[in-house]
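Colleague: The lines below spell out each chain.
2 protein chains.
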Amino acid sequence: MLPPLLRLKLDFMNDRPIGIFDSGIGGLTVLREITRLLPREETIYLGDTARVPYGNKSRETVTRYSIETADFLLKYDIKLLVVACNTASAYALGALKERLDIPVVGVIEPGAKMAIASTRVKRVGVIGTEGTMKSGAYFDAIKAVDPTVVVFMQSCPLFVPLVEEGWTDNDAALLTAGKYLVKLKGEGIDVLVLGCTHYPLLKRTIAKVMGEEVRLIDSALATALEVESVLKSTNLMREELREKTETPARPRFFVTDSPERFTRVGKKFFNEGPIQAELVSVEA
Amino acid sequence: MLPPLLRLKLDFMNDRPIGIFDSGIGGLTVLREITRLLPREETIYLGDTARVPYGNKSRETVTRYSIETADFLLKYDIKLLVVACNTASAYALGALKERLDIPVVGVIEPGAKMAIASTRVKRVGVIGTEGTMKSGAYFDAIKAVDPTVVVFMQSCPLFVPLVEEGWTDNDAALLTAGKYLVKLKGEGIDVLVLGCTHYPLLKRTIAKVMGEEVRLIDSALATALEVESVLKSTNLMREELREKTETPARPRFFVTDSPERFTRVGKKFFNEGPIQAELVSVEA
Numbered sequence: 000m001l002p003p004l005l006r007l008k009l010d011f012m013n014d015r016p017i018g019i020f021d022s023g024i025g026g027l028t029v030l031r032e033i034t035r036l037l038p039r040e041e042t043i044y045l046g047d048t049a050r051v052p053y054g055n056k057s058r059e060t061v062t063r064y065s066i067e068t069a070d071f072l073l074k075y076d077i078k079l080l081v082v083a084c085n086t087a088s089a090y091a092l093g094a095l096k097e098r099l100d101i102p103v104v105g106v107i108e109p110g111a112k113m114a115i116a117s118t119r120v121k122r123v124g125v126i127g128t129e130g131t132m133k134s135g136a137y138f139d140a141i142k143a144v145d146p147t148v149v150v151f152m153q154s155c156p157l158f159v160p161l162v163e164e165g166w167t168d169n170d171a172a173l174l175t176a177g178k179y180l181v182k183l184k185g186e187g188i189d190v191l192v193l194g195c196t197h198y199p200l201l202k203r204t205i206a207k208v209m210g211e212e213v214r215l216i217d218s219a220l221a222t223a224l225e226v227e228s229v230l231k232s233t234n235l236m237r238e239e240l241r242e243k244t245e246t247p248a249r250p251r252f253f254v255t256d257s258p259e260r261f262t263r264v265g266k267k268f269f270n271e272g273p274i275q276a277e278l279v280s281v282e283a
Numbered sequence: 000m001l002p003p004l005l006r007l008k009l010d011f012m013n014d015r016p017i018g019i020f021d022s023g024i025g026g027l028t029v030l031r032e033i034t035r036l037l038p039r040e041e042t043i044y045l046g047d048t049a050r051v052p053y054g055n056k057s058r059e060t061v062t063r064y065s066i067e068t069a070d071f072l073l074k075y076d077i078k079l080l081v082v083a084c085n086t087a088s089a090y091a092l093g094a095l096k097e098r099l100d101i102p103v104v105g106v107i108e109p110g111a112k113m114a115i116a117s118t119r120v121k122r123v124g125v126i127g128t129e130g131t132m133k134s135g136a137y138f139d140a141i142k143a144v145d146p147t148v149v150v151f152m153q154s155c156p157l158f159v160p161l162v163e164e165g166w167t168d169n170d171a172a173l174l175t176a177g178k179y180l181v182k183l184k185g186e187g188i189d190v191l192v193l194g195c196t197h198y199p200l201l202k203r204t205i206a207k208v209m210g211e212e213v214r215l216i217d218s219a220l221a222t223a224l225e226v227e228s229v230l231k232s233t234n235l236m237r238e239e240l241r242e243k244t245e246t247p248a249r250p251r252f253f254v255t256d257s258p259e260r261f262t263r264v265g266k267k268f269f270n271e272g273p274i275q276a277e278l279v280s281v282e283a
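Heads up: the protein sequence lines correspond to chains A and B, in order. FYI, in numbering that gives the first Met the number 0 the residues of the first sequence are 0 to 283. FYI, in numbering that gives the first Met the number 0 the residues of the second sequence are 0 to 283.
There's no promise every hint is true.
In silico EDC-like pairs for lysine to aspartate or glutamate, Cα to Cα no more than 20 angstroms straight-line [stated by the list, open to error]: (1) A:178 - B:170; (2) B:74 - B:59; (3) B:266 - A:129; (4) B:178 - A:70; (5) B:133 - B:170; (6) B:207 - B:227; (7) A:112 - A:145; (8) B:133 - A:259; (9) A:121 - A:189; (10) B:78 - B:59; (11) A:267 - B:259; (12) A:133 - B:259; (13) A:96 - A:129; (14) A:74 - A:41; (15) A:266 - B:282; (16) A:96 - A:70; (17) A:182 - B:170; (18) B:267 - A:129; (19) B:74 - B:217; (20) B:96 - B:129; (21) B:121 - B:41; (22) A:74 - A:14; (23) B:184 - B:211; (24) B:178 - A:170; (25) B:266 - B:277; (26) B:74 - B:282; (27) A:96 - A:67; (28) B:182 - A:67; (29) A:78 - A:59; (30) A:178 - B:189.
Computed Cβ-Cβ distance ranges for the label pairs, DEER-style [unchecked claim]: (31) A:229 - B:70: 38 to 48 angstroms; (32) A:59 - B:271: 53 to 63 angstroms; (33) B:259 - A:122: 24 to 34 angstroms; (34) A:74 - B:12: 49 to 59 angstroms; (35) B:70 - A:74: 24 to 34 angstroms; (36) B:259 - A:233: 57 to 67 angstroms; (37) B:259 - A:227: 33 to 43 angstroms; (38) A:149 - B:271: 41 to 51 angstroms; (39) B:12 - A:139: 48 to 58 angstroms; (40) B:271 - A:98: 29 to 39 angstroms.
Simulated from the structure, these hints should not be mistaken for lab results. Here the structure is a predicted model, which means the values were calculated and not measured. Just so you know, even glycine gets a beta-carbon here, dropped at the ideal spot from N, CA and C.
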């Protein structure tokens, strides 16, 4: 049992929210897994919808945008930052870790680790945006843990607009997925990492193309598990110190443009409660 | 014949470049038509690739971005500004005209006028981005000239990513176009305005879906004709004062992100010479 004053201090420290940012709405799949796994944690989500997407922009620009969005969230005294965007994780995670004195969790390492744990034939496929693929971040993350795993990569630029249009289970989605995945299908992989936060919504279509023998890794779930493990190891968990009867915390949403569009399209990504976003500016 | 000093002054004034901006690379279709029609005019093109696309962003954000890009071009002493982006024309043309003391030409009015001149049945379709369609700018522009024309609008959010992926003439493009245009096809229109600078690259596919009886209006060409007419009416034409033997002027390109990607993807839009873009910042 902790002495009362220290207990109070820890309570206060751990009541602080988790900050989550993404270029737009895709990161809501990560938020969804976090709120499901850690329902008592306070969360603040920022979607940089004025500059979305990050996937086709340069390392320099994505890093600058990521620092600006992180700086905004830091004003809310967050205890942990989740970079819920693959492109930002690929390009800016190092810069953010260097800059911030709270834990920073990206979406790439968790997905890479889960892929390594899942593959039996040691052949892993990764799909994502142009930027994420070009960065080689998944390749590096997988090779760093297990250099014997062979990695195959494919960018799928049309997947994000397809998801945002709501075309996740129709013939256009299937045809597009077929075109992008035809090469990967021939590589004998048994694991495919969905290396973009939009892609979990295309899971059924991607599974149809890849077949049952290929396991799909949802990096949103892998990231939520990583957040839980970091909170535990740094003694920052909120629920450890609370009665379990409390109602789940509601996320707070911020966007840099078009709150209405965020609410409308966001529903497809986050179905754990209403999405009412506040419009803010993050530009330095 | 003008007196020598006035002639010199006009020469100097008219030697100034035409400034053209777009959210990214789509406006290159407008630049292409301008350089073809007015080969002796100096041109400066700015693609705001750090914040592309504008099509799914709000009026306020698009107006702010448009003013920042226009302000950048003004530093080059341009004699006329072309807003080569439908969304920016829809949202920001009024604000730009108010702010600038040079002629400002958008892409919507020229396309609307050409559509009215082309329709025999007085039923016109317009396709474009979410933002352009939602703004109602084409509807207003057509109705202002001829209120008896019936206007049908359809946003086609996947067309831009399809074009940027180079999928302009394949089965995925045809399937997508079929889905978007099925309603318009039933409306008995005889003219369809391609209300987005990317769409001319999908002309063949769109024509296949709409059939021969529907004339497609390329607003890039309409805009170039409008630029010519404005230059003539304001005595700002360069070639009027020059020997016709001069070689065509080369456009100068600026982008706010990823010059390499601009060069690579831009080739599909602009084939009048090499594209070497300089990286600049336009944020206020």
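Colleague: Does each hint hold? Answer for all of them.
Modeller: A quick look at each hint next to the structure:
no.	hint	in the structure
1	A:178 - B:170	holds (10 angstroms)
2	B:74 - B:59	violated (23 angstroms)
3	B:266 - A:129	holds (18 angstroms)
4	B:178 - A:70	violated (42 angstroms)
5	B:133 - B:170	violated (28 angstroms)
6	B:207 - B:227	violated (31 angstroms)
7	A:112 - A:145	holds (9 angstroms)
8	B:133 - A:259	holds (13 angstroms)
9	A:121 - A:189	holds (8 angstroms)
10	B:78 - B:59	violated (26 angstroms)
11	A:267 - B:259	violated (34 angstroms)
12	A:133 - B:259	holds (13 angstroms)
13	A:96 - A:129	violated (23 angstroms)
14	A:74 - A:41	holds (15 angstroms)
15	A:266 - B:282	violated (32 angstroms)
16	A:96 - A:70	holds (12 angstroms)
17	A:182 - B:170	holds (18 angstroms)
18	B:267 - A:129	holds (18 angstroms)
19	B:74 - B:217	violated (30 angstroms)
20	B:96 - B:129	violated (23 angstroms)
21	B:121 - B:41	violated (38 angstroms)
22	A:74 - A:14	holds (15 angstroms)
23	B:184 - B:211	holds (12 angstroms)
24	B:178 - A:170	holds (10 angstroms)
25	B:266 - B:277	holds (16 angstroms)
26	B:74 - B:282	holds (14 angstroms)
27	A:96 - A:67	holds (14 angstroms)
28	B:182 - A:67	violated (43 angstroms)
29	A:78 - A:59	violated (26 angstroms)
30	A:178 - B:189	violated (34 angstroms)
31	A:229 - B:70: 38 to 48 angstroms	holds (44 angstroms)
32	A:59 - B:271: 53 to 63 angstroms	violated (29 angstroms)
33	B:259 - A:122: 24 to 34 angstroms	holds (31 angstroms)
34	A:74 - B:12: 49 to 59 angstroms	holds (50 angstroms)
35	B:70 - A:74: 24 to 34 angstroms	holds (29 angstroms)
36	B:259 - A:233: 57 to 67 angstroms	violated (40 angstroms)
37	B:259 - A:227: 33 to 43 angstroms	holds (40 angstroms)
38	A:149 - B:271: 41 to 51 angstroms	holds (44 angstroms)
39	B:12 - A:139: 48 to 58 angstroms	holds (56 angstroms)
40	B:271 - A:98: 29 to 39 angstroms	violated (44 angstroms)
The structure shown violates the earlier hints numbered 2, 4, 5, 6, 10, 11, 13, 15, 19, 20, 21, 28, 29, 30, 32, 36 and 40.
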